[in-house]
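Got chain B; can you put chain H on it based on the hints?
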Amino acid sequence: MENLQELLHGFNIAITMPHLALMVIGVLLGILVGVLPGLGAPNGVSLLLPLTFGMQPVSAIILLSSMYWGALFGGSVTSILFNIPGEPSSVATTFDGYPMARDGRPTTALATAFGSAAFGALVGVILITFLASWVAEVALAFGPPEYFAVYFLAFASFVGMGGAAPIKTVVALGIGFAIAAIGIDTVSGSVRLTMGVDELVKGVNFVVAVMGLFGIGELLVAVEEEFHARAVSSKIDWREVFRAVGRLPRHSVALLRSAAIGCWMGITPGGPTAASFMSYGIARRFSRRGRYFGTGEVEGIISPETADHAAGTSALLPMLSLGIPGSATAAVMMGGLMIWGLNPGPMLFVDQKDFVWGLIASMYVGNIVAVVLVLLTVPVFAALMRIPFVVIAPLIVIICVVGAYSVSNSYLDVVMMMGFGIVGYLFKKLFYPLAPLVLAIVIGDKAEDAFRQSMLMSKGSLGIFFANRLVTCLVVAGIVLLLLPLALQLGRMLLRKPALPGDPTTSQEKVII
Amino acid sequence: MISRRALELATAVLTGSFGVAVVVSSLDNGIGWSSAGVESGTFPFLTGVIVVLGSLYNLARGALPGLTLASVPIAITPTELRRLAGLFVPAAIFVAAMPLIGIYLASAVYIFVVLAIPKHQSPMRSSMMAAATALGLYVVFERMFQVSLPHGALAAAFGF
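Residue numbers (our numbering), protein chains in the order written: chain B, 1 to 513; chain H, 514 to 673.
One chain only, chain H, in its complex shape:
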């Protein structure tokens, strides 16, 4: 279970660290005024500072119990978390597998796994849908629009 407060704080920390990274990184480009005009780091530097300040404010608001907008103390219940993971984890593995086995194989396996393993569909129908997805991608992108999608290192090893 994740409370609304924890989520607010985590997000504020996330945006804040992005802001800090922007500020630090833009200092390399130089900030302020030079003979050539406003230096290229200035604008990112300012936005970085704004993001950091805004995140600090959101952090404070999230931390102070009396001030939060949170009428709902719980942001994500365990059931919801399970559903989220059920969608995101396979998707992340799918993306991670893409460079290795290529998008066609990866998407077919992905569709099959998310449909057949939790028993949403029968293995037969799942494999049909998986094959149809890969084929559809190939026809639409490789054939119709001439967009080459990643074939993967595995396919390259076999000479495709």
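Only chain B is shown next, with the shape it has when bound in the complex:
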């Protein structure tokens, strides 16, 4: 019950005119970056980051998180109306959303998507409301070894469950860690890995990496195919909106299952993209109408959308209570938290109650604002899609350049951003996952500190990671996850089962993650 009281207090903070205005601005900007191919939630949030430095942390996080919700919704709009996913996590929505819209039911498709998305987000927020403070309480007792074990578990779950080739994930993680180590070492004060470039002493800011990897990289992938925005009608029939939402409870099994998948994938850092694909795949397998999937099935829209938003929302749970972001966007937000002088992790729930509960309350309000705004603005943003890509692409390049430059007024950052762009393109093209790379850049230092402090405590013995039951469990779980892909492969080889004949979802999954 204490949680509910805190939540009410949070609503007092969230529902004020300035904060509601910030939510509207954030959601609209979010829909904008969600709609534009080549700009996504991680980029949008990092672009806004420098503008929040003068704000109260709680206002800043409300703005950024609202942008995140807006981007999640915006990605679905283009998926359904144009068959062009504005966000990687809304790719699975195109499978059934676009066919349904093409068959003359765009309003039904959009309303179903938004309704189930709102449900997914709601489940995610409820989970955060009741679980986050409890997790934080447990984590308060954590020492450096436990922290390192949790980080280890997070990274291992990327390898074991991320869906991309495990070794490619490991390489992406390693590169992220190395990039995080560039600059002054926080423990000894010595300068590391600058390779003779003096300016690198300040380190590589994650915003620079995000701009390049997600901005330029995605743009390069997008430019390869010429977009033909064959729009279906974007007119909204309001009565049909309510009818479609009213039909949602009939699919309560799919809703609940997808929400559960989404929450699980959000908390363990699998991320919204993996969640939406997994949910779609499972829905197709278990639904009675599974073979109609891909032709405009309602559950084919419900499943990815619910999971996408549930994962996006619950990705903030480990960020708040443990200091481990569950998605790339959450990683960027966490970087923001550190810049605002907050220390993400369990102490937030003790020191920064207003911040935490203001944010959680704003998630409830922000998602409602997002649903309303996205429905109202569908025609506007649909019109935006008719601007040719050749006009939008150079503008996005300029936005990324300015974004990278303004982090610390450094030209080197711009050059590095372009370099990250090439890396991002190669990685996307070859199915190396990008989220672990960003995650490692943001929390690499913290993981290293935890490791070194543990080593100091134990005078150099690795035995400290098996010193008590909790830390042993975490480490063992991490190792199991690391070895999971290997075990699966061995199992498959032993059983000599031929590969499942052409499963389109899994191949698609590999393409995106």
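A portion of the hints provided could be inaccurate.
What the hints assert, rightly or not - These stretches of chain B come out as covered by chain H in the derived footprint (C-beta under 8 angstroms, 3 or more residues):
id : segment
1  : 158-172
2  : 209-221
3  : 389-397
Said to hold, decoys possible - Per the computed footprint, the stretches of chain H lying under chain B, defined by three or more beta-carbons under 8 angstroms from a beta-carbon of chain B, are:
id : segment
4  : 565-576
5  : 590-597
6  : 626-638
7  : 658-670
Bear in mind the hints are in silico, worked out from the structure with no lab data behind them.
Glycine residues also receive a C-beta, built at the ideal position from the N, C-alpha and C atoms.
Chain H alone, transformed into the frame defined by chain B:
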């Protein structure tokens, strides 16, 4: 035309050499255990080693034909390559020109060139968009958010 295999190999070599650079560079900081605890090169050294090993694995997988994930033998077709270059080359020139002529002039020229030269838009509309972009950047950053963007060596020579 670039094959999937070539791209896999190139990327593995790229990540691998980054790993080697990290390993070599972290040796300068010292690795292992000292009286002050874990030395500062240790963690980067380990990640470097992991990156190198992982890259070697990816390299091998990319090189062995039977083992590749590549169901598509061609990664980038000539048309795609042309489109890629069409986006990236002007962008790279734009970034290279920034320190000299400043971001406002560079972005205006960049927008004009990518729109007018391939005839996506008429010269008139292209120049309008170019001017609007530069003006928009100036108003938003220099005026509204008080963020100074690079004016360039040329502007400095004229005393701006």
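Going down the list of hints, with the structure as the test:
For the segment 158-172 of chain B, the stated coverage by chain H is satisfied: 5 residues place a CB nearer than 8 angstroms to a CB of that chain, which reaches the threshold of 3. With 3 residues carrying a beta carbon less than 8 angstroms from a beta carbon of chain H, the segment 209-221 of chain B meets the three-residue requirement, and the given coverage holds. Only residues whose beta carbon comes within less than 8 angstroms of a beta carbon in chain H count, and the segment 389-397 of chain B has 6; three or more means the coverage holds. A stretch counts as covered by a chain when three or more of its residues have a beta carbon under 8 angstroms from one of that chain; for the segment 565-576 of chain H and chain B the count is 5, and the coverage holds.
With 3 residues having a Cβ less than 8 angstroms from any Cβ of chain B, the segment 590-597 of chain H passes the three-residue criterion, so the hint holds. Counting residues of the segment 626-638 of chain H whose C-beta lies closer than 8 angstroms to any C-beta of chain B gives 5; at least three are required, and the coverage claim holds. For the segment 658-670 of chain H, the stated coverage by chain B holds: 5 residues have a C-beta nearer than 8 angstroms to a C-beta of that chain, and at least 3 were required.
Checked against the numbered hints above, the structure violates none of them.
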